[in-house]
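Chemist: Join the two chains, each given in its own frame, into one complex according to the hints.
Chains A and B, in that order, are what the protein sequence lines are.
The first sequence begins at 1 in this note's numbering and counts up one residue at a time.
The second sequence begins at 1 in this note's numbering and counts up one residue at a time.
It should be emphasised that the hints constitute simulated quantities derived from the structure, not laboratory data.
There could be a bad hint or two in this list.
Unchecked claim - Which bits of chain B does chain A cover? Going by a derived footprint, with three or more residues having C-beta under 8 Å, they are:
1. 152-166
2. 169-175
3. 178-190
Stated by the list, open to error - In silico contact screen, one side only, chain A against chain B (beta carbon under 10 Å); selected entries:
4. ARG67
5. GLN85
6. ASP90
7. LEU105
8. PHE106
9. ALA153
10. ALA183
11. SER187
By construction, the Cβ of each residue, glycine as well, lies at the ideal position given by its N, Cα and C atoms.
Take a look at the letters that make up each chain.
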Amino acid sequence: MTTSPLPLAGATAGRATPLLEIAQLTMRFGGIVALENVSFTVSKGRIAGLIGPNGAGKTTLFNCLSRLYRPERGDVRLNGRSLRQCTASDIAAIGIGRTFQSPALFASMTALDNVKVGGHARGRSGALLDAATLPSARREERELDEAARAMLAFVGMESAAARPAASLSFAARKRVELARALAVRPSLLLLDEPAGGLNHDEVAELGALIRSVRDKLAITILLVEHHMGLVMSLSDQVVVLNFGRVIADGPPDQVRGNPAVGEAYLGTRH
Amino acid sequence: MHQFLQQVFSGLAAGAVYASLALALVMIYRATDLVNFAQGEMAMFSTYIAWTLVNAGLPFWGAFLITLAVSFVGGMAVERIVIRPVENAPILTAVVVTIGLLLIFNSLAGWIYSYTLQEFPSPFPDRTLFGALMTTRDLGVIAVTLMMLVALFCFFRFTATGLAMRAAAQNPESARLCGIPVGWMLAVGWGFAAAIGAVAGIMVAPVLFLDPNMMSGVLLYAFTGALLGGITSPIGAVIGGLIVGVTENLVGTYLIASQLKLTVALILIIIVLVFRPNGLFGTAVVRRV
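Bound-form chain B, shown alone (with noise of 0.2 Å):
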């Protein structure tokens, strides 16, 4: 019982780094109707900026926050220059541009900064909790994780900006005709789901070790968070983050060898998408033809 608790709250810890990428990727797929391959990559290189940041000397909360600043302009920059002139083009023609975001984010990391494993502090200590039940740095992740959805919750709740932002998401169109700049909407929420990926980033770098293609199977995970919890419900997104990071954990434990925990995310998604194809908190998408 003990173990199994143990693995639960792990499970939650990484779970927490999948939900903060599902969320990014739901809310650019809320804005835009588009799958963002380059999610995992734009966060990688984010927290190789943070990175760089600390081995400067910048204390790590210093250099997270400025982390965060760089990642938000760097999504709106993305979104206004590669993502823009593609905005009305057939959905593949976005999604192949998405992925050759990945491969340039990729290459220029491993150009840049070399594909060497690179160690990266936690800026949690290391002990554990409640009688080995837990360890701070999980404990520190999921309180991270839950702050940010906090602030991102009372910035859409209750801002004129967010409630800008959610309506020109929901429909652009009426929104224009109420006077918000909807490009600049969509591209303060590519900016937002950046930062919110560098977040991820910079959390589960310590435990996997900071490489060009640290984050693909986060984004892997992810990816199946957000289909579980329905990708079009950023609710659904972060409790299906969770769910699949404690799946993960248990059947890894219990089931199969580690090696194969993979699996376990491409096994969900066709389960998902088999199932229950607009996830647990999904709507079904109604066009009129």
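Here chain A stands alone, though its shape is the one from the complex (with noise of 0.2 Å):
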């Protein structure tokens, strides 16, 4: 993991290959383009903002990488290893965990049973040996269960364990939601806006969450996010996406001081 606060990307060149790498990705919907020529890398061990205005492509670039869509041209490679041939199911297996704008939690579902699906992609023994009950499968389905407490616990959930995902409060679903794709064991974790929907007291939680998420399990994040306190203040990089395009990507101070950004933002003055 990557201790010292190194420059950021466009100064990558000659380190250690960058655990995400995003090459010249373009996605069209019909005439609209969603994404164009995008690229950009995150190094191992950092926080990524990935910030723009409305329909920048945020959330289009999300669902490239977690293979809901498959982008027209370009590519991504986790730890120098293409996505290309991959699809959604195989993403968790890959190393890659994701939330949602809005939760998508299983919600009849107790939100124990919800993390325990996340960590379904690690299970190993097959359908046929828990249907005959073995011991093997039976040891899994215990560590299955005590993995799952653990995440449950690590976002401060674990009291919600056994209720249904539907009854918890929305800031609650978004915690047993990063339980879930924590369960994955990622490298890398995608968060579609954490912050969206939640208070002011909530929010700063979960700046902590985040970065202990980091330090504690070792997972790069990177996250959408328009509480712009908070991407500014959690994050290593920030990336600026208009129109699908990248128009910035560097430490925050050097992002916030870019007149394209602000541009992008407020518009330009005449």
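Modeler: As structure tokens, this is what we get:
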């Protein structure tokens, strides 16, 4: 894990392969260009913020990364491995976990079961084994249970383990969804607007939680977020998208001062 | 009073069969939002397989287990080969495909086994219990159904594959991102539904006699049971099936000629749809538009 605050993207050439490489990614819906030649990299152990006005292509990019969409052109590499041949159900095994803008939990299942599903990609003995309730399958089931409880505790939701996901508050559901994504044991975590719909205190707690995901679990994070305070305080690197193109990529201070970014958000001054 | 209780018990036995088939319908509906109109004919075909095995000299329960295994694989094959290509097609396309399956299984059975009624052996002795209150056959059917339900419950509640199947049915996209092969989970669901249907067919065949049209009435009752319980609820399907069985039996005994019994199902369907469209245990489907 990189510990020194190194200079960022753009200066990555010559260093070890970054964890995530996005190269010339292009995605169109009919005549609408959602992403055009998007390229940037995220180094291991970093928190990267992805910002941009509504409709800039942030969620589209996330959907390309998790293979829910197939980009027309370009490639995504994780640890140097191309995702081009992957389907959405390979993503967990490859090491990408993700959350959604509004939590996409299994509504009638308990919080614990939701997180256990996340651990499923890690399960190794197949259906036949657990149908036969062999000891190895039973041990695996117990390990799955323990790992899921540990993840719930990590996000501070252990008390809600037995409650159906649908009965939890919005903020609680977001935490359970985060625990489910962590149960996949990803090397890269994609967070889609984790602070959306949270109040002031909850946002502060979330910031601390995201930091501890990186520091304690050694997971690299790419987050889409509109809450500028959170993005700027958390991120080591900020990537700005506008109309499907990268218009800035660098440390938060540098991006904040970038005139193109101001224009994208506030419009051009005449 | 004695006659009333007798009718209730034999209604429960019939209801157990409807409940099984209703459960098969609900499993597929939950996983793929599709009512499988061929469920009854698939069950009938499974019953013919059991019949062939028994006639070939296998012991009844051996034939029973082999039939369940064959039906399971057959159900998976139907999903992979016939249903999967229309997975993303409009719902009417899929409905027509299942109706096509119904006709294919019906004709295939008629072609292979002919349309003559066949006697099907019952695995249970023919005796009466508790002062002729119920027969051992009815009790046997209820017991087999209950055992199957408990086994299914344990599978879905306590195994990793059961968990993955529930997840795939509830939110395919999230399930995929957790690494679950959703397509295969659907196929396994069809396999289970076919095996459950096979149990229903084998349990009802000694009463109805085996012929290619044996399950058409049963499917209608099962559909009523599933609707009454709420088409999205497995527990509801079971309770709904039992209620339909008892109601049908009591109404047939006391109110109308038994030839008219099938209308009870139709009337129940209309009552449910008018007054409680989500059934007893179903949840309202809210769609964002």
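Chemist: Hint by hint, say whether it matches the structure.
Modeler: Checked hints:
1. 152-166: holds (count 8)
2. 169-175: It holds: at least three residues are needed, and the region 169-175 of chain B offers 5 whose Cβ sits within less than 8 Å of chain A.
3. 178-190: holds (count 6)
4. ARG67: Nearest chain B Cβ about 9 Å off; hint holds.
5. GLN85: 16 Å, violated
6. ASP90: This hint holds: A:ASP90 lies near chain B, its Cβ roughly 7 Å from the closest one there, short of 10 Å.
7. LEU105: 7 Å, holds
8. PHE106: Holds, because the Cβ-Cβ distance from A:PHE106 to chain B comes to roughly 4 Å (cut-off 10 Å).
9. ALA153: 19 Å, violated
10. ALA183: 8 Å, holds
11. SER187: 14 Å, violated
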